[in-house]
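Engineer: From first to last, the protein sequence lines are chains P and S. Residues 1 to 327 in the working numbering are what the first sequence lists, from first letter to last. Residues 328 to 774 in the working numbering are what the second sequence lists, from first letter to last.
Hint data in this document are derived by calculation from the structure and do not stem from the laboratory. These numbers come from a predicted model, not from an experiment. Just so it is clear, CB atoms sit at the ideal spot from N, CA and C, and this is done for glycine as well. Among these hints, one or two may not hold up.
What the hints assert, rightly or not - Coverage of chain S stretches by chain P, computed from C-beta distances (three or more under 8 Å per stretch; other residues unrestricted):
{"hint": "1", "segment": "592-605"}
{"hint": "2", "segment": "612-625"}
{"hint": "3", "segment": "716-724"}
What the hints assert, rightly or not - Pairs of lysine-lysine residues, derived as BS3-like cross-links and limited to a Cα-Cα distance of at most 27 Å, are as follows:
{"hint": "4", "chain 1": "S", "residue 1": "K464", "chain 2": "P", "residue 2": "K323"}
{"hint": "5", "chain 1": "S", "residue 1": "K772", "chain 2": "S", "residue 2": "K761"}
{"hint": "6", "chain 1": "S", "residue 1": "K761", "chain 2": "S", "residue 2": "K633"}
{"hint": "7", "chain 1": "S", "residue 1": "K633", "chain 2": "S", "residue 2": "K594"}
{"hint": "8", "chain 1": "S", "residue 1": "K655", "chain 2": "S", "residue 2": "K616"}
{"hint": "9", "chain 1": "P", "residue 1": "K323", "chain 2": "S", "residue 2": "K594"}
Claimed, not checked - On the chain P side, residues computed to face chain S include the following (Cβ under 7 Å):
{"hint": "10", "residue": "E22"}
{"hint": "11", "residue": "A70"}
{"hint": "12", "residue": "M72"}
{"hint": "13", "residue": "Y73"}
{"hint": "14", "residue": "F124"}
{"hint": "15", "residue": "L127"}
{"hint": "16", "residue": "Q178"}
{"hint": "17", "residue": "L285"}
{"hint": "18", "residue": "L326"}
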Amino acid sequence: MAVISYLEAIRSAIREEMERNEDVFVLGEDVGFKGGVFGATKGLLQQFGEERVMDTPLAESAIAGVAIGAAMYGMRPIAEMQYADFMLPATNQIISEAAKIRYRSNNDWSCPVVIRAPFGGGIFGGLYHSQCPESIFFGTPGLKIVAPSTPYDVKGLLKAAIRDPDPVIFFEHKKCYQLVKGEVPDSDYIVPIGKAEVKRQGTDITVITYGLTVHFALEAAAELENEGISSHIVDLRSLQPLDKEAILEGAAKTGKVLIVHEDNKSGGVGAEVSAIISEEMLFELDAPIMRLCGPDVPAMPISPPMEKFFMLNKDKVKEAMRKLALF
Amino acid sequence: MKQTKANGTEIVVPQLAESLVSATISKWLKQPGDEVREYEAICELITDKVNAELPSPVEGTLKQILVTEGQTVEVGTAICIIEETGRERPEQEEPAESPVTRGTGVDGYDGSGAENRSHRYSPAVLKLAAEHGVDLKMLKGSGLGGRITRKDVLQYVQDGKPEGQQPDAVRNVSPASAAAVATEAVHVPVRSTGLHLTEHPPIPKIELEGEAEEGRGEYLIDVTPIRNTIASRTRQSVSEIPHAWTMIEVDVTNLVQLRNSLKDEFKRKEGINLTYLSFLLKAVVNAIKDYPIMNSVWAVDKIIVKRDINISLLVGTEDFVLTPVIKKADQKNIAGLAREIDELARKARAGKLSLSDTEGGTFTVNNTGSFGSILSYPIINYPQAAILTFESIVKRPVVIQDMIAVRSMVNLCLSLDHRILDGVICGRFLQRVKENLESYGPDTKLY
Numbered sequence: 001m002a003v004i005s006y007l008e009a010i011r012s013a014i015r016e017e018m019e020r021n022e023d024v025f026v027l028g029e030d031v032g033f034k035g036g037v038f039g040a041t042k043g044l045l046q047q048f049g050e051e052r053v054m055d056t057p058l059a060e061s062a063i064a065g066v067a068i069g070a071a072m073y074g075m076r077p078i079a080e081m082q083y084a085d086f087m088l089p090a091t092n093q094i095i096s097e098a099a100k101i102r103y104r105s106n107n108d109w110s111c112p113v114v115i116r117a118p119f120g121g122g123i124f125g126g127l128y129h130s131q132c133p134e135s136i137f138f139g140t141p142g143l144k145i146v147a148p149s150t151p152y153d154v155k156g157l158l159k160a161a162i163r164d165p166d167p168v169i170f171f172e173h174k175k176c177y178q179l180v181k182g183e184v185p186d187s188d189y190i191v192p193i194g195k196a197e198v199k200r201q202g203t204d205i206t207v208i209t210y211g212l213t214v215h216f217a218l219e220a221a222a223e224l225e226n227e228g229i230s231s232h233i234v235d236l237r238s239l240q241p242l243d244k245e246a247i248l249e250g251a252a253k254t255g256k257v258l259i260v261h262e263d264n265k266s267g268g269v270g271a272e273v274s275a276i277i278s279e280e281m282l283f284e285l286d287a288p289i290m291r292l293c294g295p296d297v298p299a300m301p302i303s304p305p306m307e308k309f310f311m312l313n314k315d316k317v318k319e320a321m322r323k324l325a326l327f
Numbered sequence: 328m329k330q331t332k333a334n335g336t337e338i339v340v341p342q343l344a345e346s347l348v349s350a351t352i353s354k355w356l357k358q359p360g361d362e363v364r365e366y367e368a369i370c371e372l373i374t375d376k377v378n379a380e381l382p383s384p385v386e387g388t389l390k391q392i393l394v395t396e397g398q399t400v401e402v403g404t405a406i407c408i409i410e411e412t413g414r415e416r417p418e419q420e421e422p423a424e425s426p427v428t429r430g431t432g433v434d435g436y437d438g439s440g441a442e443n444r445s446h447r448y449s450p451a452v453l454k455l456a457a458e459h460g461v462d463l464k465m466l467k468g469s470g471l472g473g474r475i476t477r478k479d480v481l482q483y484v485q486d487g488k489p490e491g492q493q494p495d496a497v498r499n500v501s502p503a504s505a506a507a508v509a510t511e512a513v514h515v516p517v518r519s520t521g522l523h524l525t526e527h528p529p530i531p532k533i534e535l536e537g538e539a540e541e542g543r544g545e546y547l548i549d550v551t552p553i554r555n556t557i558a559s560r561t562r563q564s565v566s567e568i569p570h571a572w573t574m575i576e577v578d579v580t581n582l583v584q585l586r587n588s589l590k591d592e593f594k595r596k597e598g599i600n601l602t603y604l605s606f607l608l609k610a611v612v613n614a615i616k617d618y619p620i621m622n623s624v625w626a627v628d629k630i631i632v633k634r635d636i637n638i639s640l641l642v643g644t645e646d647f648v649l650t651p652v653i654k655k656a657d658q659k660n661i662a663g664l665a666r667e668i669d670e671l672a673r674k675a676r677a678g679k680l681s682l683s684d685t686e687g688g689t690f691t692v693n694n695t696g697s698f699g700s701i702l703s704y705p706i707i708n709y710p711q712a713a714i715l716t717f718e719s720i721v722k723r724p725v726v727i728q729d730m731i732a733v734r735s736m737v738n739l740c741l742s743l744d745h746r747i748l749d750g751v752i753c754g755r756f757l758q759r760v761k762e763n764l765e766s767y768g769p770d771t772k773l774y
């Protein structure tokens, strides 16, 4: 077991899958010579050559379109969107083509593409380098969406995504790239898509979250333990499909649910999680389902103090958890 | 920046670039005791992304260096302390953490003016109380405003209720097993309500991956590009061109004799077969010369008559058919036509036709006799005006001058574009072809 960073987990997952399967290739802006703006594909060009690590023009619609077409012909492309914010020109390709081709062709065609997209703020990236666009794709049947929080989950889920027969959007929290490190086994493994994980066992409140905010919740839970509040923390890991069973089991454990995510509140993943709980287990609830999310404003501000205000952090999560525990 | 020390401002490593989490101090540009102006560089930083000088955010005197050169620290770590000058130390900025403590529920209020919630029960509390026969009035709530929480009920059940409260159903349950029941209740996770709103509506039967539908007695063939071209061309021809059809029979007995007498020597000399098709082509080309309207194209408001006679041949395999073109067929003799037919047919079957080999056809001949047909209804090779088929040569009894003779007969079928051509002109054309074919004899020249 080696301790590696979130970013290194991505890189090693791609490298190992490219070694394992010749059909796997990488394309995106600056993924080759530069190795990606964050370095996620560093060294891949040297190892696999430019036919398998392709620098593309600045056209996300083309990156997604080429990847989707290649996938439909049996390749296993990994398309990198430099920032999730830039995905919007590719939404037509992703939503109208990739997500629907299996259904549209009655199983004759499939599209095993992985679209990697660094999302989330906290890096002073401002408007166009900080967005959380998961809710744009979240309500689209036919897409799988994952958003892991730890290097172990990153590597396992990325491998699972590459091997998956259908399109997977892989949201990586860019703030986690260097910040989060963790133990990852040397052997080959996958983390199944669609399975949440309990990151901490507790009895007073249940926090359901994903991405960077998992770490805020874990830090807050450790501090709240000293106040006698025991927190149960569920990391969704996969947003589509949601692990309904794990959500309901986690919610039933304490009857008090706090959903935390960085994406804004309205129409977010939390709304769906909340709806599932209230549909299925009203009589297990001991408190209103709470949500702590990014504010419903158009985008991340560029001014550092305002970004700080906008972003969730450990203290905000802790405050919300405490409030729910006291209810 | 934080005011912590009583006598200075802590200077921290700023977020210099996206995704940066740490930085290394490469060199201190100021030493303790040095005066520092606002925005003046105090040290050099090395990071994964950028190397930069760190400007001082305040004016004052550098009091203490907290991080030595070469050390790597996380973003936000204090690296030195500067005592500010000319300014009074501001008040402590950070508000004291709000003193929230766990509500004791002693009097039903949490002290913050919240309403009394001791009689507001959550669904979970009511459910647990009913399950365990708990009288909620006996409990003290620990929640907000004295609210009885789910945990309060579970604790109450686990601790053992006072005697005389248990209803019949659970009267004999010991506290330990009651606790077990409680724990179990916690773990029964999914759906205890009667409303199953999320069940999927009935959907029509669709084929699932890996589960082939039973009794499916068919298989699929991918349409190749050439198949696709044939499909669209024939469809275009049939839907755009009003086809008419006619047929004549020709006595080719003399031609058969002629060919039989020449073919072996020809094969030896030229290395290729002397085919009936080459004789037919010559006959057709000469007939077209007499009736040039056969060599034309419909252009809506006019008819384009082509000067060159380029004959398209149909060369078939089991999977597809190609149309190589003999260019300027009117300038070739029978031997030259035979050579060209041989070459184009070989190229077509080997898939080696170039684009120019298939362009420019003005009239099409199809040797349908080669696969045994005696009658066919050809589709015009769009956008030409007509197509002629050369059927099988068969020996038949024919009446000649009121006598029956055995003759070698062949049918020629013609499909025509009725926008350009009518029965009379086509009849004359076919008659000319017939005359040409029947006039072959022992003195016909191949060269």
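Engineer: All the hints need checking, so say for each whether the structure fits it.
Structural biologist: Now the hints, each set against the structure:
1. 592-605: violated (count 0)
2. 612-625: n = 0 at 8 Å, threshold three: violated.
3. 716-724: It is violated, with 0 qualifying residues against the three required.
4. S/K464 <-> P/K323: holds (25 Å)
5. S/K772 <-> S/K761: holds (18 Å)
6. S/K761 <-> S/K633: Distance ~23 Å between S/K761 and S/K633 Cα, so the pair holds.
7. S/K633 <-> S/K594: violated (34 Å)
8. S/K655 <-> S/K616: holds (12 Å)
9. P/K323 <-> S/K594: violated (102 Å)
10. E22: violated (24 Å)
11. A70: At about 18 Å, which exceeds the 7 Å cut-off, the nearest Cβ of chain S leaves the hint on P/A70 violated.
12. M72: violated (14 Å)
13. Y73: violated (13 Å)
14. F124: Because about 5 Å separates P/F124 from the closest Cβ in chain S, which is inside the 7 Å limit, the hint holds.
15. L127: For P/L127, the interface hint is violated, since the closest Cβ of chain S sits about 13 Å away, which is over 7 Å.
16. Q178: For P/Q178, the interface hint holds, since the closest Cβ of chain S sits about 4 Å away, which is under 7 Å.
17. L285: holds (5 Å)
18. L326: holds (5 Å)
Hint compliance for this structure: hints 1, 2, 3, 7, 9, 10, 11, 12, 13 and 15 are broken, all remaining hints hold.
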